[in-house]
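*Asks:* So the chains spell out like this:
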Amino acid sequence: MSTIPVGMTLGELAVRFGCTLKGDPDARVSHVATLEGADSAALTFLANPRYRRFLSQTKAGVVVLEPKFADECKGAALLTSNPYAAYARMAALLHPAPSVPAGVHATAIVAATATVDATASIGPRAVIEDNVVIGPRAVIGAGCVVMRDSHIGADTRLVANVTLCHGVKLGERCVLHPGVVIGADGFGLAPDQGQWIKVPQVGSVSIGNDVEIGANTTVDRGAIEDTLIGDGVKLDNQIQIAHNVQIGAHTVVAGCTGISGSAVIGQRCMIGGMVGIAGHLSICDDVVLTGTSFVSGSIHKPGYYSSGLPIDETSRFRKNVARFHHLDELAREVRRLGRRLETDAHGTDEDPA
Amino acid sequence: MSTIPVGMTLGELAVRFGCTLKGDPDARVSHVATLEGADSAALTFLANPRYRRFLSQTKAGVVVLEPKFADECKGAALLTSNPYAAYARMAALLHPAPSVPAGVHATAIVAATATVDATASIGPRAVIEDNVVIGPRAVIGAGCVVMRDSHIGADTRLVANVTLCHGVKLGERCVLHPGVVIGADGFGLAPDQGQWIKVPQVGSVSIGNDVEIGANTTVDRGAIEDTLIGDGVKLDNQIQIAHNVQIGAHTVVAGCTGISGSAVIGQRCMIGGMVGIAGHLSICDDVVLTGTSFVSGSIHKPGYYSSGLPIDETSRFRKNVARFHHLDELAREVRRLGRRLETDAHGTDEDPA
Amino acid sequence: MSTIPVGMTLGELAVRFGCTLKGDPDARVSHVATLEGADSAALTFLANPRYRRFLSQTKAGVVVLEPKFADECKGAALLTSNPYAAYARMAALLHPAPSVPAGVHATAIVAATATVDATASIGPRAVIEDNVVIGPRAVIGAGCVVMRDSHIGADTRLVANVTLCHGVKLGERCVLHPGVVIGADGFGLAPDQGQWIKVPQVGSVSIGNDVEIGANTTVDRGAIEDTLIGDGVKLDNQIQIAHNVQIGAHTVVAGCTGISGSAVIGQRCMIGGMVGIAGHLSICDDVVLTGTSFVSGSIHKPGYYSSGLPIDETSRFRKNVARFHHLDELAREVRRLGRRLETDAHGTDEDPA
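Protein chains in written order, with the numbering used here: chain R, 440 to 792; chain Z, 440 to 792; chain Y, 440 to 792.
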């Protein structure tokens, strides 16, 4: 009785992902690992130069890396100009997600007017309301609630305990992690005689293809028109996207960031963690915002922007803060001193004595 | 067979909401739209002067706006001193929420000791524990968990997947969006020999009438007495309210803000997004905190307060930050220079030569 | 018919918790209260000197406090060097959590391959997937989802609507509050030709004993190896812990804080609220970060660190910010003035006149 070989040969990997192989094409790897933690059946990679020091010591079966580092790697290597992307694709092959059986779980509640593709999977305790449409191979995990009139594209997955409010449109191949809420009412309030009147939020949310949304992130429905998330956008955990925000294609946003109402974000932006973006402004394409930045006005030029003040020892920080609170006065004093020196100098120059 | 006319006539709207009508009272509008996106069956409004440039071009059936802008609007207009509030009320009329049938869904789990009003609606998979009281016309959406001894007032709605821990009290006409958690334990820890002992959180949470709480916002139960949220308070998404916070009536808080334990916030405050408020302090009535402010001490005077540092290009920002970390030294140097100039001057003045 | 006395006698409390009693050992207390709100059946405490002014007026049955304040307390007192820790233990005794019946609720869904200890409790609508192991006396609350291959230690409690993704390991005596998500995919993306490729997250999350995790907090699974949370760590609400973060034993983190990928945090650190910590850095043991700090590099020395800029009146703040954005120029100007004064002085000194 023969055993089925696990994993992939290095030769197969090289051919499939267009890499140059240094080493035995018949050697096999079965799983991924870090440079430090790898054994001889592991595939690993070098992308961040920070970890280059581990290269000469690794016991990995093969390392995916740039050709320029090939000599530093004693074992087998798969050479490519973009090792991180190649690694990502190889890892997906070595560690496929378990297949989910198609069909509706006995404890799911699916409205008679909903249209669920026969190849889709509806998990235990999921609730699918009226007129919802769920596409081929979509997976709705345990405890998800999909409210009336929502559309979910092919191959999209709601992991578990996700809530889609009514009329939300999700594209294809999206992943929404647990605790995500899409389409809750935007924060629309009209002041009236010392109180706040709720402004009905009659828009919805439209999300493109290949979008990933991290755990407990929220995207509010539009006040009148829709909140828009473009194709290929990736949102990390705990992000808040307010009503009528627009995020351009292939923009990525790190955790804990908040984007206020009607902000328009361009394509291919990289927005760091815990960034705050004010409302009713626009950010052009290809802007990078470093972590904890605060954006209070529009950005019209691609580039790197920051305002996160890094830590100092508390005692020293407090002294500097005290000075900061009088910085305008300090600047005026410096100007005054400058003028005085100038006057003194001129006085001396002009002194006829 | 006659058709039932949809929407409302402009005459009905003018009378009902006390506006002055400019235009045909028998014309009808059926839905709301933006100034830009409106068609002839749409009602729209002008409140933010930012959008005034769209006024002359709009195709809307009617625009709700201030009398002073009436001449700029070529079509019909409903004139009022507070167009945003009037719009909010009209939009609620044109876009009513679908009615929810009263009664307990077959898959809901309601404890025998719970008291659910006959006009309330308990959705699929909701869990209602012992001694809970649910008032008239309240709506408990799919997947909500309401733990023992909680009280939910009349006309209050838990949209879906909301968790109320034990003994929480919610007033009337509140709306809690998906993922909200009310009454989880506050973060009470006593240090003891290098470890932390949990301090039992025996208080609860008491929430007034007409409160709205955004998706994934959390309000912790009090350590001993209750955390208190006043009437008409509006909380956006992803907010954290710690144990024993008190928030005065009609205060609004934007997304991602965190309020630490035992902070007491006044009435009618407007707290921006991603604001951090330290514990054990008080903020008086009518305070406005702009986005990403950090409040480390009490505020005793109404007004506008800020500390959100706005972005700059990263390279320039870093240079300024490096200087900030020596700001105290810089200020001392300026003082030294000033004294020196003074001495030199006095030296000159006093110079008997 | 005799009544069963409620609560505890002061004598019992003194003996059990090693306090010195000042007062009647047979007097009883039945519940806890604040110094201000206490009645004669209440136990209260003084730990924060801020509340010392209430000590002379309290009507409490007994006050737990340090011996040095004993004279200021007119009624009974339990004297101890750590009154807050002693109070925490006494409160747990006076206010025990209600017992949860062992067994699986009729509406829970437990996979045939899962191992649930007979003394554990699985609540209504909970979903327990394949190969999950749940230890003695563990409590899985309503609506929780525990995915395949996860392990939950003895006496650990998932309050309600908690999501554990596959393969997560939780220690003993942990508490996870509602909305917590453990083990969602980390935010791993490889750039490739203007798009982002998902990097499979094949690690998991390992959480020690005695860990408490606040409502709506998220801890992501590792990219390759596991995200690690040490024994006795306490996380408040709305915290984001990214993939491959390591948090040392007995570190506490306040609400809304975000910790980026691969950051390594030491033991016994105290991390304030809304702190942002960048990725791929390390923070040594015994570091205190005050609220809204931003950590962009490693910290090698125990101590207090800050960068949260506190508020000022908005008009004044804006003036200072405008100066901040030219701080480098200001510092150069000050140096120029200093050099000029020096030159002038030297010029004068050296002036042979």
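Rather than coming from a laboratory, the hints here were simulated on the basis of the structure. Keep in mind it's a predicted model, so treat the numbers as computed, not measured. Treat the hints with care, as some may be off.
It does not matter which identical chain is meant; a pair holds if it fits inside one copy or across any two.
To be verified - As a list, the in silico DSBU-like pairs of lysine-lysine whose alpha-carbon atoms are at most 30 Å apart:
#1 513 x 461
#2 608 x 637
#3 637 x 740
#4 498 x 740
#5 758 x 740
#6 758 x 608
#7 498 x 513
#8 498 x 758
#9 461 x 498
*Asks:* Does each hint fit the structure? Answer for all of them.
*Replies:* Consistency of the hints with the structure:
In the homo-oligomer, the alpha carbons of residue 513 and residue 461 lie at most 30 Å apart inside one protomer (10 Å), although the nearest pairing across protomers, at 74 Å, exceeds that limit. Taking identical chains as interchangeable, the C-alpha atoms of residue 608 and residue 637 lie at most 30 Å apart whether they share a chain (24 Å) or sit on different chains (22 Å). In this assembly of identical chains, the alpha carbons of residue 637 and residue 740 lie at most 30 Å apart only when taken from different copies (28 Å versus 37 Å within one copy). For a Cα distance limit of 30 Å, the shortest separation of residue 498 from residue 740 qualifies neither inside one copy, at 46 Å, nor across copies, at 34 Å.
For the identical chains of this complex, residue 758 and residue 740 are inter-copy neighbours only, at 20 Å across copies versus 35 Å inside a copy, given an alpha-carbon limit of 30 Å. In this assembly of identical chains, the alpha carbons of residue 758 and residue 608 never lie at most 30 Å apart, being 52 Å within a copy and 45 Å across copies at closest. Only within a single protomer do residue 498 and residue 513 lie at most 30 Å apart by alpha-carbon distance; the minimum there is 9 Å, versus 71 Å between protomers. In this assembly of identical chains, the alpha carbons of residue 498 and residue 758 never lie at most 30 Å apart, being 51 Å within a copy and 43 Å across copies at closest.
Within a single copy, residue 461 and residue 498 get their C-alpha atoms as close as 15 Å, which meets the 30 Å cut-off; across copies the closest is 67 Å, which misses it.
Checked against the numbered hints above, the structure breaks hints 4, 6 and 8 and satisfies the rest.
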